Amino acid sequence: MITIATAVDVAALKDTTLLNMGIFGLFVAVTMVIVFRASRNNKTAADYYAAGRSFTGSQNGTAIAGDYLSAASFLGITGAIAINGYDGFMYSIGFLVAWLVALLLVAELLRNTGKFTMADVLSFRLKQRPVRIAAAISTLAVCFFYLLAQMAGAGSLISLLLGISDWGGQALVIIVVGALMILYVLIGGMKGTTWVQIIKAVLLIAGAAVMTLWVLAIYGFNLSALLGAAVDTANNPAVLNPGLQYGKTETSKLDFMSLGLALVLGTAALPHVLMRFYTVPTAKEARKSVVWSIWLIGLFYLFTLVLGYGAAALVGADTIKSAPGGVNAAAPLLAFHLGGPLLLGFISAVAFATILAVVAGLTITAAASFAHDIYANVIAKGKADAATEVRVARRTVVVIGVLAILGGILANGQNVAFLVALAFAVAASANLPTIIYSLFWRRFTTQGAVWSMYGGLGAAIILIIFSPVVSGGATSMIKDAHFAIFPLSNPGIVSIPLAFFLGWLGTVLDKNREDPAKQAEMEVRSLTGVGAEKAVNH
Amino acid sequence: MGNDAQSPDAAAASVDFEQVQSTEQFQELRKRHRSFVFPMAVAFLLWYFAYVLLADYAVGFMSTKVWGNVNIGLILGLLQFVSTFAITGWYVSYSNRKLDPIASEIRNEIEGHEFDKHGNRVGGANK
Chain A
1 MITIATAVDV
11 AALKDTTLLN
21 MGIFGLFVAV
31 TMVIVFRASR
41 NNKTAADYYA
51 AGRSFTGSQN
61 GTAIAGDYLS
71 AASFLGITGA
81 IAINGYDGFM
91 YSIGFLVAWL
101 VALLLVAELL
111 RNTGKFTMAD
121 VLSFRLKQRP
131 VRIAAAISTL
141 AVCFFYLLAQ
151 MAGAGSLISL
161 LLGISDWGGQ
171 ALVIIVVGAL
181 MILYVLIGGM
191 KGTTWVQIIK
201 AVLLIAGAAV
211 MTLWVLAIYG
221 FNLSALLGAA
231 VDTANNPAVL
241 NPGLQYGKTE
251 TSKLDFMSLG
261 LALVLGTAAL
271 PHVLMRFYTV
281 PTAKEARKSV
291 VWSIWLIGLF
301 YLFTLVLGYG
311 AAALVGADTI
321 KSAPGGVNAA
331 APLLAFHLGG
341 PLLLGFISAV
351 AFATILAVVA
361 GLTITAAASF
371 AHDIYANVIA
381 KGKADAATEV
391 RVARRTVVVI
401 GVLAILGGIL
411 ANGQNVAFLV
421 ALAFAVAASA
431 NLPTIIYSLF
441 WRRFTTQGAV
451 WSMYGGLGAA
461 IILIIFSPVV
471 SGGATSMIKD
481 AHFAIFPLSN
491 PGIVSIPLAF
501 FLGWLGTVLD
511 KNREDPAKQA
521 EMEVRSLTGV
531 GAEKAVNH
Chain B
1 MGNDAQSPDA
11 AAASVDFEQV
21 QSTEQFQELR
31 KRHRSFVFPM
41 AVAFLLWYFA
51 YVLLADYAVG
61 FMSTKVWGNV
71 NIGLILGLLQ
81 FVSTFAITGW
91 YVSYSNRKLD
101 PIASEIRNEI
111 EGHEFDKHGN
121 RVGGANK
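Going down the list, the protein sequences come from chains A and B.
Note that UniProt numbering has the first sequence beginning at 1, numbered continuously upward.
Note that UniProt numbering has the second sequence beginning at 1, numbered continuously upward.
Pulled out of the complex, with its shape left as it was, chain A reads as follows (with noise of 0.2 Å):
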């Protein structure tokens, strides 16, 4: 290997373009003979939207790794310890102890009591109708935002993996992955997406997995040896510590706390996760797949610390910053570093294939939400068939994915960060506390429901609007505006208070009392299991 004592040469990068095409090229072909192979037995509504609840908790548990491991994730986390340090760490953590929120208190509960979406649950036992209508809108919003952050963050990355820097270069690869996205979720549902999914993931960690020892390795496996070559090669001792990026003000210390809440209730209120817990067969096995993926999930974050102070040290953050694609590249730029173009071109593979499985899952999910939720409950008032149902959701599929495009070549170049946190703080605020209440609150009622959830929708992007991230700042989507009189980035401090309190006042104030037959069914329902479909049999 060439590179291995020398310095990274940017310029180098581009000579691998065609290694990086080929590699992907053989995922995505590799892929859609399975999709294709999967779909076979694509029948009902359950076929196409929960695989029909056919796969295992193992298989699950990998495939939501794979669904929650975006590029954000492992390109994002990454490049913000490389250059951040500890700040950066503590973002994986509110990632993983997120997952225990799902573990205890939504998981098992949801596989017991829904069918497709996570409007089923919400809806059991208040009135079908409104609260149907807001879950799905809070749904779609959560989606469209995470959507359109992965579309925007593809773009960026081409930059850097494939050597494209045009605009219309970038939009033609935006094209493409939106359209190979369409194909896989339209052909082979959520069968052909789980399955992207979990080779995915599998492909993912391995290649950290490699890339971890072999920094370790490097550093004789001694972690505080890798730590002090991070000091050296940084400059700066304070890399180790807390607060070089959050520490700044007491803004950014509260920015920080807000971010803190949104990210770790946030995970267990995600739709398109929340819909992977209807593929498995029984609730037993939903809680595999948690366990299964809490392990996965810590794993992969354990070895982003390491490749995070190894890029940093061997790479350096000069050097990362300075690289098209900016924090982005520490990874890229770390693979390149160890093994050569060849491992570069692994590592720009899969973090391309994680785009394309991510926003496969993003996708069906909005479009099972709209023809299960909008066309089937509400336009059609239940009575459409399961066919008709699974046709329009394959049309949303389509329009999905367009919109998806578009979007993303609009994104494109955009500050994309802060669309992914605005997910998570949409997820937390509109739909965490009406999950809680409805599972957990007997006297919780629909206005309750209803409150909770457009309050928590509105106010979450309401003070989005008017902070930092849209104007006023240097980063900003609209540099030369000042509205922002929210000083936080992030709204989670807010509105996810506001959300629970919402609901609690809907409900004390609602004269009407929901259906006590229904609330003990659900509650029957979802602690034992009774009546929840289990798997079809083919």
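Among the hints, erroneous ones may be present.
[To be verified] FRET-style restraints, in silico, Cβ to Cβ:
#	chain 1	residue 1	chain 2	residue 2	range
1	A	Phe466	B	Leu53	25 to 31 Å
2	B	Gly68	A	Leu509	57 to 63 Å
3	A	Arg443	B	Tyr94	23 to 29 Å
No wet-lab data here; the hints were simulated from the structure.
From a predicted model like this one, the values you see are computed outputs, not experimental measurements.
The beta-carbon is built from N, C-alpha and C at its ideal position, and this holds for glycine as well.
Use these hints to put chain B onto chain A, whose structure you have.
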């Protein structure tokens, strides 16, 4: 054989869930579930926010070196991983021992009752 999505609902409609809810057995299941998940959720959230507050407002303490370049902040951060894994394992073993047996007992009772009443088994495997 594709399963009609409506069948479990139709089956469940004939069960008196309020009666099931009021049984001692179900109340015990509910108590066991809540007495584990609520305190545990509160505990891990407090521990996580204590960690975030320390990282935010006690930088000096977190930067104290313990072993080589490894400081208290890194150790506490890694302990968050350990506690997450430990709570996961603890919950799984608690569910297997205390929740699953009683839950499947109640489920079998209800579904067995359905079998007698309609002459065919319900809850997924029906034709």
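Outcome of the hint check:
1. Here the CB-CB span from A/Phe466 to B/Leu53 is close to 26 Å, well matched to the stated 25 to 31 Å.
2. Taking the beta carbon of each, B/Gly68 and A/Leu509 are about 59 Å apart, inside 57 to 63 Å as hinted.
3. Restraint check, A/Arg443 to B/Tyr94: a C-beta distance of roughly 28 Å satisfies the suggested window 23 to 29 Å.
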